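**Student:** Spelled out, the chains give:
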Amino acid sequence: MVLHVADGFHFPGFTGFSFSGVRLLKSKIRKGRSLAPLMTEKVIDSENFGMLLSWLDPDRESAAQKYERIRDRLVRIFVCRGCHEADELADETINRVTIKMPVIKDGYVGEPASYFFGVANKVHLEWLRKQKKTRPVELDDSVGSAEPDLDSDAEYECLEKCLKALPGNVHELIVEYYQGEKRAKIEHHKTLAEKFGLTINALQTKTCRIRAGLRKCVVDCLASG
Amino acid sequence: MENLDGRRSIREYLLGILEDQSIKSQIEEKLLADDGEISTAEDELIEQYLDDELSPADRKHFINHFLAAPQRKQQFRVHQNLRKYAASQEPARAVSEAPSHKGWRRFFLIPALSYALVFVVVLGGGYGILLLTKTYPPGVETTVADLYKGDRPFDSRIVDLDYALPSTQRGDKDPAKDPNRDLKRRAALLLLEKAVRDKRTAESLYDLGKAYLAEGNLPDATRYFEEAATLGPVSARLMSDLGTAYFEAWKKDRASAKPEMLDKSLQSLERAIELDPRLLEPRFNRPLVLEAKGSREQAKQAWREYLQLDPNSKWAEEAARNLQHLEEQ
Chain A
0 MVLHVADGFH FPGFTGFSFS GVRLLKSKIR KGRSLAPLMT EKVIDSENFG
50 MLLSWLDPDR ESAAQKYERI RDRLVRIFVC RGCHEADELA DETINRVTIK
100 MPVIKDGYVG EPASYFFGVA NKVHLEWLRK QKKTRPVELD DSVGSAEPDL
150 DSDAEYECLE KCLKALPGNV HELIVEYYQG EKRAKIEHHK TLAEKFGLTI
200 NALQTKTCRI RAGLRKCVVD CLASG
Chain B
0 MENLDGRRSI REYLLGILED QSIKSQIEEK LLADDGEIST AEDELIEQYL
50 DDELSPADRK HFINHFLAAP QRKQQFRVHQ NLRKYAASQE PARAVSEAPS
100 HKGWRRFFLI PALSYALVFV VVLGGGYGIL LLTKTYPPGV ETTVADLYKG
150 DRPFDSRIVD LDYALPSTQR GDKDPAKDPN RDLKRRAALL LLEKAVRDKR
200 TAESLYDLGK AYLAEGNLPD ATRYFEEAAT LGPVSARLMS DLGTAYFEAW
250 KKDRASAKPE MLDKSLQSLE RAIELDPRLL EPRFNRPLVL EAKGSREQAK
300 QAWREYLQLD PNSKWAEEAA RNLQHLEEQ
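For the protein sequence lines, the chains are A and B, in the order given.
Just so we're aligned: the first sequence equals residues 0 to 224 in numbering that gives the first Met the number 0.
Just so we're aligned: the second sequence equals residues 0 to 328 in numbering that gives the first Met the number 0.
In short, the hints are calculated from the structure, not lab data.
Mixed in with the good hints there might be a few duds.
[Said to hold, decoys possible] Which chain A residues face chain B? A few, computed with CB under 7 Å, are given here:
hint, residue
1, R75
2, I76
3, V78
4, G81
5, F116
6, G117
7, L158
8, V174
9, Q178
[Stated by the list, open to error] To give an idea of the interface, some chain A residues facing chain B are shown, with a C-beta separation under 8 Å as derived from the structure:
hint, residue
10, R72
11, A201
12, T204
Note that the structure is predicted; figures quoted are calculated from it, not measured.
For each residue, glycine too, the CB sits at the ideal point set by N, CA and C.
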């Protein structure tokens with residue numbers, strides 16, 4: 000596998016790849032326009048990236064899974080911190096850790112995720128400083144971030160498709176969860192939980208997981224056109 | 000973290016108002032390990048927002064912080080669409096509920112009689128008795144353009160409103176011929192507010208903001224437009240009216256208004272033009288803003304561009320007069 004990162008503006012944000020067959024299904028290579036001053040300038044080579052994976056797990060398949068999991072969690076943290084460029088910041092964090100691999104792999108003791116977390120904090124602080132410099136007017140943020148990124152009709156159609164693909168009882172559960180008058184919602188959810196033999200908390204957790212699955216399905220559906 | 004405090008802290012964290020750094024770190028460690036609890040809290044917040052159960056302050060944090068990332072906006076739309084889908088699976092109830100909200104034109108295609116009825120239900124009492132003697136003929140339909148016919152609160156244009164002389168040039172004369180105009184408008188505003196409470200989407204917020212704009216209520220118009228723009232997707236019409244609201248707010252209080260308001264107005268109008276180059280309202284308002292900024296040459300050029308797109312209308316006549324005025328200076 001060759002991972003070319005020639006000008007320092009590329010990120011290791013892949014989804015769905017398998018190392019056992021040296022197969023790269025999808026490599027998202029982004030240009031960091033607005034993040035440019037934050038970007039690492041050193042070149043990440045495949046050797047460092049290989050070291051990173053070995054550090055995560057000696058087994059390449061498990062390493063790839065851990066990598067994706069860490070990246071997802073970093074994105075979630077940046078999203079929670081209100082960063083509109085969460086993907087890019089997660090990738091920048093990974094880039095920085097990857098560059099440091101020759102030093103980290105033998106010297107660092109502890110969970111790799113914690114190391115990523117520390118680097119993510121640094122990246123976030125730099126991002127905040129940059130935001131202060133470039134975004135002085137608060138209301139511009141809300142307007143500027145409201146790009147017409149996705150067609151809501153297309154999203155709805157995709158959601159319909161994804162819902163129809165759910166097993167019957169799961170479909171029934173999630174649809175019924177959203178039915179009923181607003182004021183009677185609590186009672187309605189209690190009845191629904193009883194009907195499906197769940198506690199209220201379990202119902203919330205279950206619907207949360209179903210929604211997470213639906214979100215992923217909608218994103219995939221939109222990407223496939 | 001104790002359970003209740005933990006939930007409160009997670010909620011504050013998600014809204015971006017949690018101050019305690021050590022609790023923040025604890026929550027993020029949870030995120031790194033297993034985010035089940037946090038995902039549930041996120042979903043709860045979205046549901047509360049959609050049910051209009053957040054306080055005004057939390058609503059602001061929700062929009063500015065919680066929805067800052069595109070991932071969250073997408074997550075939000077999944078909730079919205081799930082509600083929509085669930086409602087579509089409930090045909091009997093759906094019919095009895097408020098009309099589906101597919102743009103303000105359709106929203107306003109409601110018999111005027113129902114405005115009166117809603118007004119009766121909502122306000123009751125003396126207003127109701129008064130209204131019962133003033134019901135409208137069934138089948139009469141109206142649109143926001145009809146409701147504000149003959150009105151033009153500002154020199155700048157509001158999307159879809161027909162030509163009228165600006166109120167500043169009409170003196171004290173009330174242009175309205177319909178004696179029930181104010182009543183209809185108040186009822187329409189109530190319906191639009193209800194639509195926002197029922198389903199807080201960019202579309203419903205835009206419709207309500209537009210009614211406020213036509214009323215000349217700039218703070219509320221701006222607030223709803225900004226919220227609509229944050230929720231997205233944004234449209235040329237929304238960006239045009241948002242730009243108009245910023246501009247008129249600046250004009251209303253020039254002495255204390257921030258100069259950035261003009262920049263924001265121009266930015267919004269240019270975004271509207273980018274989204275729909277044939278939409279006339281932002282094309283008409285842009286030279287007004289440019290002139291206010293002191294960019295006369297650019298304003299002249301913008302008027303010429305407007306006249307190329309709309310050479311034969313009352314708006315065009317006014318545009319030509321404005322251009323001539325600038326050229327004579």
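**Student:** For every hint, state whether the structure bears it out.
**Tutor:** Structure-based check of each hint:
Because the smallest distance between the Cβ of R75/A and any Cβ of chain B comes to about 6 Å, under 7 Å, the interface hint for this residue holds. Because the beta carbon of I76/A sits about 5 Å from the nearest beta carbon in chain B, less than 7 Å, this interface hint is met. The beta carbon of V78/A is positioned within 7 Å of a beta carbon in chain B (closest approach about 4 Å), and the interface hint is therefore held. A least Cβ separation of about 4 Å between G81/A and chain B falls short of the 7 Å threshold, and the interface hint therefore holds.
For F116/A, the suggested interface contact is upheld, since its CB lies about 6 Å from the closest CB of chain B, less than 7 Å. A distance limit of 7 Å between C-beta atoms decides the matter here; for G117/A the minimum to chain B is near 11 Å, and the interface restraint is violated. The beta carbon of L158/A is positioned within 7 Å of a beta carbon in chain B (closest approach about 5 Å), and the interface hint is therefore held. Among the interface hints, the one on V174/A holds; its C-beta lies about 5 Å from the nearest C-beta in chain B, closer than the 7 Å criterion.
Among the interface hints, the one on Q178/A holds; its C-beta lies about 5 Å from the nearest C-beta in chain B, closer than the 7 Å criterion. For R72/A, the shortest C-beta to C-beta distance to chain B is roughly 5 Å, which falls under 8 Å, so the interface hint holds. Violation of the interface hint for A201/A is found here, the shortest Cβ-Cβ separation to chain B being roughly 11 Å, above the 8 Å cut-off. A cut of 8 Å between beta carbons decides the hint on T204/A: the least distance to chain B is about 6 Å, and the hint holds.
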